[in-house]
Amino acid sequence: MTIRRHHDMGGLDAGAVEQTEHDYAIWEKRVDAIVKVLSTPERKILSTDELRRGIEELGPGVYDNLNYYERWISSATNLLLEKGVITVDELGAKMADVEARWQKDRDTGS
Amino acid sequence: MSETKYQAGDAVKVRAAFPPGHVRTPHFIRGCDGVVTQYVGSHPNPEELAYGRDGMPKKPLYRVKFNQADVWPNYEGPAKDTMVIDIYEHWLEKNQ
Amino acid sequence: MSHDDHDHSHGHDHSHDEPHPYQPDIEDAPFTERMVMAQAVAELIVEKGIVSTDEMRAQIEFMDTREPALGAKLVARTWLDPEFKARVLTDVKAASAELGIDIGDIPIQAIENTEDVHNVVVCTLCSCYPRMLIGLPPDWYKSRAYRSRTIKEPRKVLEDFGTTIPDNVEVRVHDSTADLRYVVLPARPAGTDDWNEERLTDLVTRDSMIGVSLAKSPETT
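Quick mapping for you: the protein sequence lines, in order, are chains A, B and C. Quick note on the working numbering: the first sequence kicks off at 17 and runs consecutively. Quick note on the working numbering: the second sequence kicks off at -16 and runs consecutively. Quick note on the working numbering: the third sequence kicks off at 21 and runs consecutively.
Treat the hints with care, as some may be off.
To be verified - Residues from chain C that face chain B, not an exhaustive set, calculated with beta carbons under 10 Å:
(1) P127
(2) Q129
(3) I131
(4) N139
(5) I171
(6) K176
(7) V191
(8) V193
(9) H194
(10) D195
(11) S196
(12) T197
(13) D199
(14) E239
In short, the hints are calculated from the structure, not lab data. These numbers come from a predicted model, not from an experiment. Glycine residues also receive a C-beta, built at the ideal position from the N, C-alpha and C atoms.
Starting from the given sequences, assemble the full structure and let the hints guide the process.
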């Protein structure tokens, strides 16, 4: 019996390589920075291996529907919650706060 | 390198095992025959690091070359085409 | 990936002032849950004293300095100096340091294109890439199509990029499955015998250091 996880896609059929690229948005660079600073040898709060495993565990549907940095922040956040670095409550409150701020900035056009 | 099981030039087979969980040996190469080209140091085991453990003791890592025609039944390119994959020692068996 | 909602380009950096910069680059697009999550996590780890605002800013700015031009400089120097090339093939970190480039802790190995072998790099399992030497990878390198097909039909993928490798040259695909990253040293184009390093550097494209293209030829410049 062979098990192939969704991310392990070498050799599968696929269409043409769409040669898209984009300049990275600041939020994407921020995700990159978050995972980098939390996985320094001095801190070792997260490791690249844990982050990869967390992405693999997102499951096929989520994996395909999220873009690259959405997968990374999903994995990082799940790990931070598991490790107790942040609590569910803190995260929820902060996300609500950020969303309210951004919505207000947008509404006032600032 | 006396501590490592394999040397450059050794014929090896990738174990045809399919454990669930975080594994860095791609599924398509399992059970395939290749040749070690280089020992590239020993490192903490990523299969353990992925679950928050320290991955010790370190495991030897090798670059292993495979003929494309040996991996893909319908490979259309020339017979000389190859792939090289970094594989940990515990995924390899000696081939005679 | 099934969609990408960041197709608009915006090459300029916005303010990195924490704790909460607005993002005018997504003014017309909805902000997604993950964007909010990223901002929230960034603020929380600063508030908790785990990292400082300065360190976050420095990390973003540092990654902005990583771009293909660094690798291009390395390659051009290998074309001019065989002993430097030998050092690059032995130890990219030390050789890069000679040019003032610090590639950090993740090892990068250089693989040389020759008359007999053309190399191309992929990470089928995720998207490992020699970012500290050539910057962040393009979207297509991380795409399902590239990760699936390059390992099994490299010549067809290269054709998608307009690159044809003759049948008498081996195409060797490298799957970076472990901690090593790979950078291709493209072959020096013909007709560049008296070119200086600066002109040669312009011929070395990011795609030639991934292996989907050759270095540019003089006629195209």
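Each hint, compared with the structure:
1. P127: Holds, because the Cβ-Cβ distance from P127/C to chain B comes to roughly 8 Å (cut-off 10 Å).
2. Q129: holds (8 Å)
3. I131: With a closest approach of 9 Å, the I131/C hint holds.
4. N139: holds (9 Å)
5. I171: Nearest chain B Cβ about 6 Å off; hint holds.
6. K176: Holds. Min distance 8 Å.
7. V191: Where the cut-off is 10 Å and the nearest Cβ of chain B is about 5 Å from V191/C, the hint holds.
8. V193: holds (4 Å)
9. H194: holds (5 Å)
10. D195: Hint holds; D195/C Cβ to chain B Cβ min 5 Å, cut 10 Å.
11. S196: holds (7 Å)
12. T197: Given a least distance of 5 Å, the restraint on T197/C holds.
13. D199: With a closest approach of 6 Å, the D199/C hint holds.
14. E239: E239/C check fails; min Cβ-Cβ to chain B is 28 Å, beyond 10 Å.
Of the numbered hints stated above, the single one contradicted by the structure is hint 14.
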